[in-house]
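There are 2 protein chains.
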Amino acid sequence: MRIINIALLGFGTVGQGVYELLEKNRDLLKTRLGLEFRIKKILVRDKHKKRELKVPRELFTTNFEEILKDEDISIICELMGGIEPARSYILSALETGKQVVTANKAVLAERGAEIFETAKRKRAYLGFEASVGGGIPVIKTLREALVGNQIQRIMGIVNGTTNYILTKMLEQGLSFEKALEEAKIKGFAEPDPSLDLKGIDSAHKIALLGSLSFGVFIPFEKVYVEGIEEITLMDLQFAKSFGYIIKLLAEARKIKHQIEIRVFPVLLPENHILTSIRLNYNAILIKGDFVGDILLYGLGAGKAPTASAVVSDIVEASEYLISQNSPLIRYPLKEDKELSIKPIEKGIFKYYFRFSALDQPGVLSKISGILGKYGISISSVVQMGRQKKKGAVPIVILTHESEEKKVSLALEEIDRLEVVKAKTQSLRILE
Amino acid sequence: MRIINIALLGFGTVGQGVYELLEKNRDLLKTRLGLEFRIKKILVRDKHKKRELKVPRELFTTNFEEILKDEDISIICELMGGIEPARSYILSALETGKQVVTANKAVLAERGAEIFETAKRKRAYLGFEASVGGGIPVIKTLREALVGNQIQRIMGIVNGTTNYILTKMLEQGLSFEKALEEAKIKGFAEPDPSLDLKGIDSAHKIALLGSLSFGVFIPFEKVYVEGIEEITLMDLQFAKSFGYIIKLLAEARKIKHQIEIRVFPVLLPENHILTSIRLNYNAILIKGDFVGDILLYGLGAGKAPTASAVVSDIVEASEYLISQNSPLIRYPLKEDKELSIKPIEKGIFKYYFRFSALDQPGVLSKISGILGKYGISISSVVQMGRQKKKGAVPIVILTHESEEKKVSLALEEIDRLEVVKAKTQSLRILE
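So the protein lines, in turn, are chains A and B. Here the first sequence is numbered in our numbering, starting from 3 and rising by one per residue. Here the second sequence is numbered in our numbering, starting from 3 and rising by one per residue.
Everything labelled a hint here was simulated from the structure, so no lab data went into it. Fair warning: there could be bad hints in the mix.
Stated by the list, open to error - Within a straight-line C-alpha distance of at most 30 Å, the following computed DSSO-like cross-link-like pairs (lysine-lysine) qualify:
#1 Lys289(B) - Lys186(A)
#2 Lys408(A) - Lys242(A)
#3 Lys32(B) - Lys258(A)
#4 Lys26(B) - Lys122(A)
Could you build the full structure based on these sequences and the hints that come with them?
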């Protein structure tokens, strides 16, 4: 039976998951594929660190060159994360003629242009299914299943941490802080969760998904990003009372030659399929010109699901190895000088505003007067009853479609009113 | 640019969809793959039939041999449906060394053993993504994305016609007949919809999905099948009042060495993700030992989504052609003499019973007495108020987990009671 030798770079959660999968399902893979996968080297920082998983000591190395020079090793899995040294290792591996599998969305979103270019030039396999959506086969679906489709739109919930927090807040009436604390305890939020909470993780993923969808490399910096740190329980509850659920949405659309790409919290109508995605689950909704709408749903992170995706790429890399044929170029992601990204300021949305205003006569009239001045038309208003203690009360206004630019100007003016006591919460509504 | 010549067998809805896709997205496919796809021959019954689609007359042939002998043609797409002559054509094509793509679940579910065997022996590509779930990439996900997983369970809504009918009945209070009529008008039910309504279409699909999931050929006849023809609006409404939605579920599970495989209408709790699948949409939920639960959702039939799946297979077949390498055998579907399918009689389920009983004192006691005698324990009862006109009234009982066999015996005895005026409706509940 043919043996495929693999090296793992990094032996954290994902690396250990891959090791466990290849051990546990060794016979299954032999039966299915007629191949035996062997992990020959594992790059770690400390060979002597105590590890829970029983792994033969001789597999560990601290020297990347040793892996690179080992001609038996044909597939290198980069499972370290971060930009450097991941980027250099991936590039060296490709240059040396190795097949590469990575779970690293950050390096692809931020340095993808040179990595994809190198893979293409060296006609090497570059698998990155695990970089987006954990075990959900979104990359495979985009590149293979939907290969015959013009992709018109891709949108989804691609960050489990924030989705867990928003779900817990709404369903159990928790504050943002409490929900975050719970997510940390459950292992759904990292000790420093800011990349997740600020939407950066989602932005990395949508940059990659958008690039694949539209066949052009979209640099990460071009993604408009808002996180969920400003979302309060009150917002979730007000939205719900209007029939909406707030989700952190990552989205890329192509309208004629212009691309819209962004991550932001939005109000989705309760009957939208993405509102049924709860807790740490992820889901991605893709619209193709022939296939229509396709939804993929599952665990978007975690040891076992991510290992499942890495192994699927290892198998694919093996097929290319065996056929000694370079893969069809399914991701001609050139840098596009003419790439046109529509700035968020040019967007047109419906809005949810929550004003914090003094409970005085004439306040609503002032606020709505300013909205009217900027041509922002109101569809619903809720003003809370008088509070016992003196202070600001929330006024919630939903609008018809309005220009983002005018909304910014209007809110700036409103927030300067003396009766307005805090920055207005403004969220977009997607129907 | 390399040209890939294709023949289509059949030029109905799907065939025309494939033709349209390859025309409309020709440039896209060139850019993505560096390949040009050309339909060289189309097998039809009548060359001179008037067709809406403008197709050069010379592409049509009525002679399959002409296609088989054409050495330019390397990929044959069987899009006729039915068992014969589809089966013979597929086998001849494989024997001749052509790559085959088919959208025909019936021929694979009923004659798959010899077809898979032939493909394997000839080391030919056999694509059948379009045979289950239309444009939803369930075959690719099972065979490729989840290749590292033991599949523990696959379940879903794989028939759009019945799902459309059940949705319309529940949401608009339509009778079965009215909903079916509407489905026909909308083109979601065929003129003779019995294969769909009786669950046969779903059974074909789950036979195939179960076979792929468990790596053993499960003959179609082994699938336990119930359709939806006996489901009444009353059942949907009663179920809803208990917090359940009735769906036609196709399901295959493996527990140790025994397989459970069946199609039946079941009551699913309202918060189950499959209850959010409405109208003619399909969804498949797969549980793997590493990936956890994955859901795939989309349009399960129709011209364009099915064409999308066929083209994805055509592209894959082309990759094998180009690499001149036979595909890894990802579906070692041997016939298994020891295949153990658990008979439905040995099942244990919770049940929903709707009795049609005379509105007399003591009736509930008689019914519950018989249930008790067979060890069937009741969890809820609803007895309708006295009707104005004399006659049977519905009594609905939900049970705790009970043995299917004892349930059959109990219902037989109950249906013989003089106070019971019609066959009892019995449906299983899945939590």
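Hint-by-hint comparison with the structure:
Between Lys289(B) and Lys186(A) the CA atoms are separated by roughly 26 Å; this keeps the pair inside 30 Å, and the hint holds. A threshold of 30 Å between alpha carbons decides the hint, and for Lys408(A) with Lys242(A) the separation of about 26 Å falls inside it, so the pair holds. The straight-line distance between the Cα atoms of Lys32(B) and Lys258(A) is roughly 20 Å, inside the 30 Å bound, and the hint therefore holds. Distance hint between Lys26(B) and Lys122(A) is fulfilled; the C-alpha atoms sit about 27 Å from each other, no more than 30 Å.
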